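Chains as they are written, first to last, in UniProt numbering: chain X, 1 to 878; chain E, 1 to 224.
FYI, nobody ran anything at the bench for these hints, they're computed from the structure. Please note that the accuracy of each hint is not assured.
[As the list claims (entries may be wrong)] Partial pick of chain X residues on the chain E-facing surface, computed with a CB cut under 7 angstroms:
1) P250
2) P493
3) R494
4) R499
5) E777
6) I780
7) L784
8) G785
[Claimed, not checked] A short list of chain E residues far from chain X (calculated; beta carbon distances all over 10 angstroms):
9) S32
10) L79
11) E114
Since the model is a prediction, treat every value here as computed from it, not as a measurement. From the three backbone atoms N, C-alpha and C, an ideal C-beta is built for every residue, glycine too.
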Amino acid sequence: MRPTPSPVLRRLFLGSLRRRRLATALSLLAIALGVTLGLAVQLIHAAAIEEFDRGVRLVTGVADLQAVGPRMGFDEALYPRLARRPEIDSASPVLEVQAQLPEHQRRLRLLGVDVFRVGAVTPGLLPVPEAEADPGPETGAGRDTADVAGAAQAADAGSADAAADRFAILREDVVFLSPAALNRLGLSVGDRLQVQAGTQTLGLRVAGRVPGAGLDQELAVMDIAAAQQAFDRLGRLTRVDLRLVAGMDPKRARDALQGQMPAGIVLRTPEESADEVLGLSRAYRVNLTMLAAIALLTGGFLVFSTQLLAVVRRRREFAFLRALGLGRRRLLGGLLAEGAVLGLVGGLLGILLSYLLAALAMGFLGGDLGAGFFQGLQPQLRAQPVVTLIYLGLAVLAGVAGAWLPAREAARMLPAHGLRSGDESEVFRGRPRWGLAGLVLAAALVSALLPSVGGIPVFGYAAVALVLVGAVLVLPGVTPWGLRLLPVHRPLPRLARARLSAAPGQVAVAGAGVVASVALAVSMAIMVSSFRVSLDDWLGRMLPADLYLRAAESDASGYLEPAAVAAVEALPGVIRVRPVRFDTVRITGVDGPVALIARPVAGTSGLPLVAGGPPSASTSRLETSRDAAAEGRPVWLSEALADRLQLGIGDALSLPLGGRAHGFRVQGVWRDYARQQGAAVIELSDYRALSGDQRTNDVGIFLAPSAQPEQVMAQIREALDGGFSEMIQPGALRAIILQVFDRTFLVTYLMEAVAVLIGLFGISTTYAALADSRRKEFGILRHLGLRRREIGNLLAMEAALSAAIGVLVGLAAGGAIALVLVEVINWQSFGWSMDIRLPVGVLAGFSLAMVLLAAVAARLSGYQAMRQDAVLAVREDW
Amino acid sequence: MLRIENLSKRFDRGPGHPLFQGVNLHLQPGESVAVMGESGVGKSTLLNCIAGLESVDGGSIRLRGRELTTLDEDARAMLRRRDFGFVFQAFHILPHLTLAQNVALPLWLLDQPEADADRRARAMLERVGLGQRADDWPRYLSGGELQRVAIARSLVHEPALVLCDEPTGNLDPERAVDVLGLLFERIRDAGAIGILVTHSRTAAGHADRLLSLTASGLRESPAA
Numbered sequence: 001m002r003p004t005p006s007p008v009l010r011r012l013f014l015g016s017l018r019r020r021r022l023a024t025a026l027s028l029l030a031i032a033l034g035v036t037l038g039l040a041v042q043l044i045h046a047a048a049i050e051e052f053d054r055g056v057r058l059v060t061g062v063a064d065l066q067a068v069g070p071r072m073g074f075d076e077a078l079y080p081r082l083a084r085r086p087e088i089d090s091a092s093p094v095l096e097v098q099a100q101l102p103e104h105q106r107r108l109r110l111l112g113v114d115v116f117r118v119g120a121v122t123p124g125l126l127p128v129p130e131a132e133a134d135p136g137p138e139t140g141a142g143r144d145t146a147d148v149a150g151a152a153q154a155a156d157a158g159s160a161d162a163a164a165d166r167f168a169i170l171r172e173d174v175v176f177l178s179p180a181a182l183n184r185l186g187l188s189v190g191d192r193l194q195v196q197a198g199t200q201t202l203g204l205r206v207a208g209r210v211p212g213a214g215l216d217q218e219l220a221v222m223d224i225a226a227a228q229q230a231f232d233r234l235g236r237l238t239r240v241d242l243r244l245v246a247g248m249d250p251k252r253a254r255d256a257l258q259g260q261m262p263a264g265i266v267l268r269t270p271e272e273s274a275d276e277v278l279g280l281s282r283a284y285r286v287n288l289t290m291l292a293a294i295a296l297l298t299g300g301f302l303v304f305s306t307q308l309l310a311v312v313r314r315r316r317e318f319a320f321l322r323a324l325g326l327g328r329r330r331l332l333g334g335l336l337a338e339g340a341v342l343g344l345v346g347g348l349l350g351i352l353l354s355y356l357l358a359a360l361a362m363g364f365l366g367g368d369l370g371a372g373f374f375q376g377l378q379p380q381l382r383a384q385p386v387v388t389l390i391y392l393g394l395a396v397l398a399g400v401a402g403a404w405l406p407a408r409e410a411a412r413m414l415p416a417h418g419l420r421s422g423d424e425s426e427v428f429r430g431r432p433r434w435g436l437a438g439l440v441l442a443a444a445l446v447s448a449l450l451p452s453v454g455g456i457p458v459f460g461y462a463a464v465a466l467v468l469v470g471a472v473l474v475l476p477g478v479t480p481w482g483l484r485l486l487p488v489h490r491p492l493p494r495l496a497r498a499r500l501s502a503a504p505g506q507v508a509v510a511g512a513g514v515v516a517s518v519a520l521a522v523s524m525a526i527m528v529s530s531f532r533v534s535l536d537d538w539l540g541r542m543l544p545a546d547l548y549l550r551a552a553e554s555d556a557s558g559y560l561e562p563a564a565v566a567a568v569e570a571l572p573g574v575i576r577v578r579p580v581r582f583d584t585v586r587i588t589g590v591d592g593p594v595a596l597i598a599r600p601v602a603g604t605s606g607l608p609l610v611a612g613g614p615p616s617a618s619t620s621r622l623e624t625s626r627d628a629a630a631e632g633r634p635v636w637l638s639e640a641l642a643d644r645l646q647l648g649i650g651d652a653l654s655l656p657l658g659g660r661a662h663g664f665r666v667q668g669v670w671r672d673y674a675r676q677q678g679a680a681v682i683e684l685s686d687y688r689a690l691s692g693d694q695r696t697n698d699v700g701i702f703l704a705p706s707a708q709p710e711q712v713m714a715q716i717r718e719a720l721d722g723g724f725s726e727m728i729q730p731g732a733l734r735a736i737i738l739q740v741f742d743r744t745f746l747v748t749y750l751m752e753a754v755a756v757l758i759g760l761f762g763i764s765t766t767y768a769a770l771a772d773s774r775r776k777e778f779g780i781l782r783h784l785g786l787r788r789r790e791i792g793n794l795l796a797m798e799a800a801l802s803a804a805i806g807v808l809v810g811l812a813a814g815g816a817i818a819l820v821l822v823e824v825i826n827w828q829s830f831g832w833s834m835d836i837r838l839p840v841g842v843l844a845g846f847s848l849a850m851v852l853l854a855a856v857a858a859r860l861s862g863y864q865a866m867r868q869d870a871v872l873a874v875r876e877d878w
Numbered sequence: 001m002l003r004i005e006n007l008s009k010r011f012d013r014g015p016g017h018p019l020f021q022g023v024n025l026h027l028q029p030g031e032s033v034a035v036m037g038e039s040g041v042g043k044s045t046l047l048n049c050i051a052g053l054e055s056v057d058g059g060s061i062r063l064r065g066r067e068l069t070t071l072d073e074d075a076r077a078m079l080r081r082r083d084f085g086f087v088f089q090a091f092h093i094l095p096h097l098t099l100a101q102n103v104a105l106p107l108w109l110l111d112q113p114e115a116d117a118d119r120r121a122r123a124m125l126e127r128v129g130l131g132q133r134a135d136d137w138p139r140y141l142s143g144g145e146l147q148r149v150a151i152a153r154s155l156v157h158e159p160a161l162v163l164c165d166e167p168t169g170n171l172d173p174e175r176a177v178d179v180l181g182l183l184f185e186r187i188r189d190a191g192a193i194g195i196l197v198t199h200s201r202t203a204a205g206h207a208d209r210l211l212s213l214t215a216s217g218l219r220e221s222p223a224a
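Go ahead and model the full structure; you've got the sequences and the hints to work with.
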């Protein structure tokens with residue numbers, strides 16, 4: 001192996017990169033940006049998943065199986081039945097509540113555990129009482145680290161003090177916080193933590209820590225009986241963690257036990273439980289990764305543009321070297337090496353930037369990039385060598401792929417032809433490749449029709465990539481059509497048209513990056529606009545009331561008692577109320593919990609239905625009849641759930657409520673943008689009758705036309721007698737939701753901006769290189785009487801025209817990609833349908849801006865060509 | 001009429017002593033002149049000064065009574081567009097334009113309607129013997145044919161002055177004779193003034209007069 005590259009490679013090829021600094025720098029930057037975005041997203045998600053996994057390991061401990069049910073819990077009688085089974089070594093009951101913290105305006109995961117059982121299955125959750133007078137710093141990493149190590153010893157040591165304090169664990173008014181929760185909430189042992197239960201606020205004393213939770217898991221632990229009492233869940237559990245006897249296979253145990261489970265309770269391994277949550281975020285994570293990959297692809301297009309132009313400029317040099325005996329393969333290898341070096345250096349730069357960006361983003365956003373899946377996690381950035389190497393490989397691949405066609409073009413050139421004047425123009429003749437383009441686009445269509453693979457729309461993404469490639473392939477073919485639009489009565493447009501007509505390949509070279517970036521930006525703009533308009537419309541239909549009241553978020557520990565709802569309904573100015581109860585259920589055939597929404601449907605504003613309808617008169621009668629159970633009560637499924645269960649109108653569905661399975665019949669399918677895992681709506685009266693649960697989460701309040709919402713809100717506060725609640729008018733709620741929506745797409749917008757920037761780099765570098773290679777042409781035009789600024793205008797016009805054609809093709813490709821995003825990728829990822837909306841104004845403005853920016857970029861890039869000496873230019877031999 | 005009076009030009013770089021000075025030249029429409037001289041004496045520079053592509057250090061150049069040395073860059077460009085034709089040693093035919101488009105280029109720059117420009121370009125190509133190849137691309141032509149296209153381009157807009165810098169330098173002697181014969185014939189037909197810079201006495205022999213450029217000015221030389 002040679003220690004250094006050969007002089008031919010070093011001086012003739014790699015040296016060329018150093019000579020054309022601007023083009024090299026922009027290519028490096030384009031690749032670096034693609035790598036930065038992609039790798040940063042991966043690093044953040046990897047850290048979040050790692051942290052999430054740690055949390056799962058903590059709360060599952062050494063459990064082999066978990067019995068899980070609806071969010072509101074199940075009968076605790078299941079626990080002793082399970083504990084007595086021969087397959088079970090230890091069982092630990094858990095009541096998990098998302099405790100609303102009114103003082104902190106946030107929720108905290110609170111686990112009610114049996115302290116005599118928890119140590120055997122989930123020792124990490126063991127609370128350790130501490131004396132209040134315990135000296136030393138109350139917060140801080142150093143203290144926490146010591147605690148983590150020391151607490152377990154303290155728990156095991158059984159010192160006299162610790163033994164005395166252990167009784168504190170059983171008190172009903174105490175809570176134990178993890179070091180991370182203490183830090184985040186700014187609390188110390190001995191302080192009081194206010195939690196909301198229903199509309200009331202309870203004060204719990206922080207009696208110690210949960211040191212096994214580590215530094216990053218925010219949670220609280222209290223005695224299970226105390227938790228049941230505090231949150232009015234007497235006799236209810238949300239989970240039983242099970243440790244099997246030694247040698248028992250979890251799958252065999254599950255098969256044996258599942259039949260004993262009441263309806264709606266399922267047995268899961270801890271890994272499956274984690275997968276339920278990670279599976280929900282997977283589609284979002286893959287979407288972001290794919291967006292970043294397209295940014296890298298656009299970078300590859302830029303390498304293609306710059307390398308092709310470099311090959312054009314060096315055509316005679318290569319012909320001369322070939323004449324001197326440089327082999328075709330060596331020429332090809334040298335040019336590919338240039339691309340590889342661009343990819344390698346750009347990749348290394350991108351890796352550096354990605355770690356910086358990831359650290360910065362995690363400092364501001366934690367582990368959540370906008371979709372809310374990893375909210376509350378405080379992950380630590382860690383080196384990911386494998387992922388990093390993969391991205392470095394992708395960067396090199398992008399560089400080599402970008403250099404491939406130009407290198408092949410140079411290697412195929414006949415030296416005798418290459419030495420002739422004007423032979424460079426051959427490269428730009430760019431023959432239309434209709435056949436290949438048609439083939440690629442047909443493959444895109446077929447890909448778009450294929451189903452997802454493991455819930456990931458792999459073929460949908462392939463369709464996006466194929467549409468992009470197809471769009472670039474049609475560029476030379478559509479260029480003559482575009483040129484016909486150009487007015488020809490002025491000399492400069494005539495020159496520009498003549499140039500581009502004869503060299504449509506120039507449009508392909510300059511426009512490839514533009515097509516890719518415009519297609520990406522346009523497709524995202526159409527998708528986001530369609531989504532936003534559909535969401536707005538959906539909110540209008542989901543929020544028909546004049547005022548909304550809730551005790552807390554739907555999955556948190558606040559709720560409204562029936563008396564409170566009745567009190568609100570009786571207030572002057574209130575015409576009627578629409579109470580809603582949220583729970584989750586486990587349905588056979590669906591991994592993970594499904595949202596259950598119980599609300600009055602008949603006689604109220606309908607759901608945003610896409611199929612079926614509201615209850616008919618006969619159905620309404622059925623509701624009250626004794627035959628309801630036999631005929632099936634009505635249920636309305638969200639699109640995602642209907643798709644996952646493969647159910648349609650009139651199909652039967654069994655829903656577990658109150659520990660028993662009940663028959664329902666699908667009455668309609670509705671659009672739901674709030675619950676990706678799927679949701680089922682049933683009549684509130686059915687829910688109450690079948691579950692016995694009379695509580696309410698949200699109340700929609702319909703006011704008399706003369707009523708003032710602000711006055712009614714004051715009356716409600718008075719009626720609730722100081723109980724904690726939140727009220728909001730639909731306009732404000734809609735504004736908040738749309739704000740969250742826009743924030744969710746912030747990362748997407750950032751990636752779009754980068755793609756557009758890379759596209760403009762492409763135009764800029766292309767025209768800088770073209771201007772340089774056309775010095776002689778501009779010299780003769782100056783002799784013939786063209787002024788300097790007219791040379792600049794000519795360049796700007798050609799660039800604007802190239803960009804306009806690229807933008808037109810990009811618009812068409814973007815429209816096609818938007819269709820794939822909406823109809824294939826969104827549907828397969830999230831189960832959301834939406835109405836396509838074209839943001840015409842935005843697209844027109846964006847297109848015009850791209851064309852103008854391209855013209856400006858080309859004019860600036862061609863400044864040197866405008867300044868050159870016309871006399872010197874024509875003296876150079878052509 | 002072209003009238004050059006006491007023209008002088010210094011070296012742009014270096015010691016700053018004159019390249020040439022005291023250059024005087026009077027030419028009538030239809031008249032042609034060949035300028036010879038040693039390499040580096042400034043023959044091409046003289047052409048560039050006349051074309052307004054290089055500044056002068058003294059003297060006057062008047063074309064049809066209009067002083068050229070005091071014009072700004074835009075005015076000089078407009079003058080070249082309207083009144084000048086050029087023929088270069090290296091042809092300088094644009095490879096991305098057809099022969100007809102190359103010849104029509106000066107007419108395009110003068111805002112002539114495209115159809116009219118095309119008609120005149122084809123007529124001019126006919127006159128230089130390439131009428132049948134008007135729609136061909138330059139890459140298919142020989143050097144002699146390319147120079148014929150350049151001659152057609154230099155005359156298509158009926159300029160007052162045609163400047164030729166070694167137009168046969170890249171051609172074999174036989175082709176050179178053909179091209180020069182055609183060039184001067186067309187210049188005379190058009191009633192233009194022709195100035196030819198060359199090292200070749202044979203080439204110079206096609207012009208009406210032969211002049212020799214030295215540092216101290218232009219002198220009449222005996223014909224070849």
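query: Can you give the numbers of the hints that this structure goes against, from lowest to highest?
result: 1, 2, 10, 11
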